[in-house]
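Chains as they are written, first to last, in the working numbering: chain A, 1179 to 1388; chain B, 714 to 1008.
Please keep in mind that the hints were generated in silico from the structure rather than gathered at the bench.
In this text, a Cβ means the ideal position worked out from N, Cα and C, and glycines have one as well.
A portion of the hints provided could be inaccurate.
[Stated by the list, open to error] Computed Cβ-Cβ distance ranges for the label pairs, DEER-style:
id: 1; chain 1: B; residue 1: Val798; chain 2: A; residue 2: Ser1195; range: 58 to 64 Å
id: 2; chain 1: B; residue 1: Ala775; chain 2: A; residue 2: Ile1184; range: 34 to 40 Å
id: 3; chain 1: A; residue 1: Tyr1345; chain 2: B; residue 2: Arg799; range: 36 to 42 Å
[Claimed, not checked] Computed list of chain A residues with no C-beta within reach of chain B, every gap over 12 Å:
id: 4; residue: Leu1217
id: 5; residue: Ala1266
id: 6; residue: Glu1289
id: 7; residue: Leu1316
id: 8; residue: Lys1358
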Amino acid sequence: MNAQTIVKQYAFYFDSSRCSGCKACQGACKDNNNLDVGLLWRRVYEVTGGRWKKSGNLWIPDVFSYYLSQACHHCENPICMPTCPTKAIFKRLDGIVLIDTTACIGCRYCEWACPYGAIQFNPANNIVTKCDFCADDLDAGSPPACVMACPMRALDFGDLEMLRKKYGGTSEVFPLPEAKVTQPAVVITPHKDAARANKDTAEVANWEEI
Amino acid sequence: MGMWRLAAREWPLIGFTLLSQAAVGAFWMIAAGELFIARKSVWAAERVATVPVFLTVAGMLAGAALLSFFHLGRPLRAPLVLNNVRRSWLSREILIELVFGGLVVLNTLLVPHSPGSGTVQGALIALTAVAGVFFLFSMAKIYMLEIVPAWRGVYTPLSFFLSAVLLGPLTLVVAHRRLLDLGRSLEAFLNVAIISALAAVLLSVMTMLFFTPSVGFFGTRSHTLLAFPTRKTYPVLFVRMAFLAAAVVCLMLAGRDVSFGRETVRWPALALVCVGAAEIIGRAFFYAIYSRIGV
């Protein structure tokens, strides 16, 4: 997207049906932002579900799995902002939500409030951190590192309304919460099994690595 | 174990909330003594509102404030916490805490030295007691987050209020034994108040056990919850209830001079130890059951 385009609300697009779970986005994010071990501004969730099903005299596996690559959604109504007692969390005119590292007191109240696990405490400097949409790169005309790294072209970025027009999609995919809570600036094309995950016994299978 | 590690990490908050609530509850006891009992009863000459009693409340508040610094990653930036009073309940809580603390100091300076408790002193005591209510309310609002079902409900303000009523008066009575000697009416008042509070806490623990969303046996479930609390956590609530029951027994024995050898048992102090243990367990459980809707 042209950096000169007027953006009201930057957003990420993620195509879950394309994602192979390679985690190149996660790695690129860590590399670009020089994140310490334990910090993941972008995380790839592995959702699994299903069970054995009896078919005649046979028991056959009826399972499914898909991936969700998630970072801070730079929500239209960021729930973290009003919780912050120091106003360290703020929203730019283009919708990107940032943390003023000189004002954060490390109370971690925002960490409790974010339903996307986007805000993470950094024990190295005792303040919270999160995805900044690679704002510096963006201002210099480059896309965010995660978008550039995806070999499956499952990630894209741009103005929220433009992404909605271009891809359709939703922002409510299991295990994400209802969009009305924070109005996340994200557009997701769900995996074909995402609807089933809502009804079935699906779970996030890789908590240990995220 | 992961959940208990989470609760252990919050030890400054466990201390801060319990001590703050104890301070508010203690002030409520002073206010009740001054406004409703002292002027009417036979022990009007002996007042609850003395300098040492106020200093106990101020000490508890100061201790709570000190503990809260251990919760911050950057404690030297603590003054910035008042930047967002318009929107953040955490900012509001600290502001109201400062107001409440200031009023307690003002009470210490004015009330004990004005026998007869004039209208101004009475108004000051009432104002401070109301500030205490707002302090507890703002503290509860911090936790009543939309995405945390176990904290969002009425259990949070109820448990904070009950901790105040339980810990505050008991701490004052233990710290200032003369309060128990002021008269039978006060003793009866204390026993009824504290035992009612204990019963209410038992009731609230039972309510939590059964109906709290995502935690209770019959509470609503959401499968999109991070770190869903397991029922392995529940037995600790029975330990808490055992401590509370022991505190009730201690308080019932408090009026009798039970002695072992030469030593007379200090039942109120023993009751405070039991209540303190029960409340620490309860607050640790409160932090342990944090689980949010989402990822």
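We went through each hint and held it up to the structure:
no., hint, verdict
1, Val798(B) / Ser1195(A): 58 to 64 Å, "46 Å, violated"
2, Ala775(B) / Ile1184(A): 34 to 40 Å, "53 Å, violated"
3, Tyr1345(A) / Arg799(B): 36 to 42 Å, "37 Å, holds"
4, Leu1217, "14 Å, holds"
5, Ala1266, "8 Å, violated"
6, Glu1289, "10 Å, violated"
7, Leu1316, "25 Å, holds"
8, Lys1358, "10 Å, violated"
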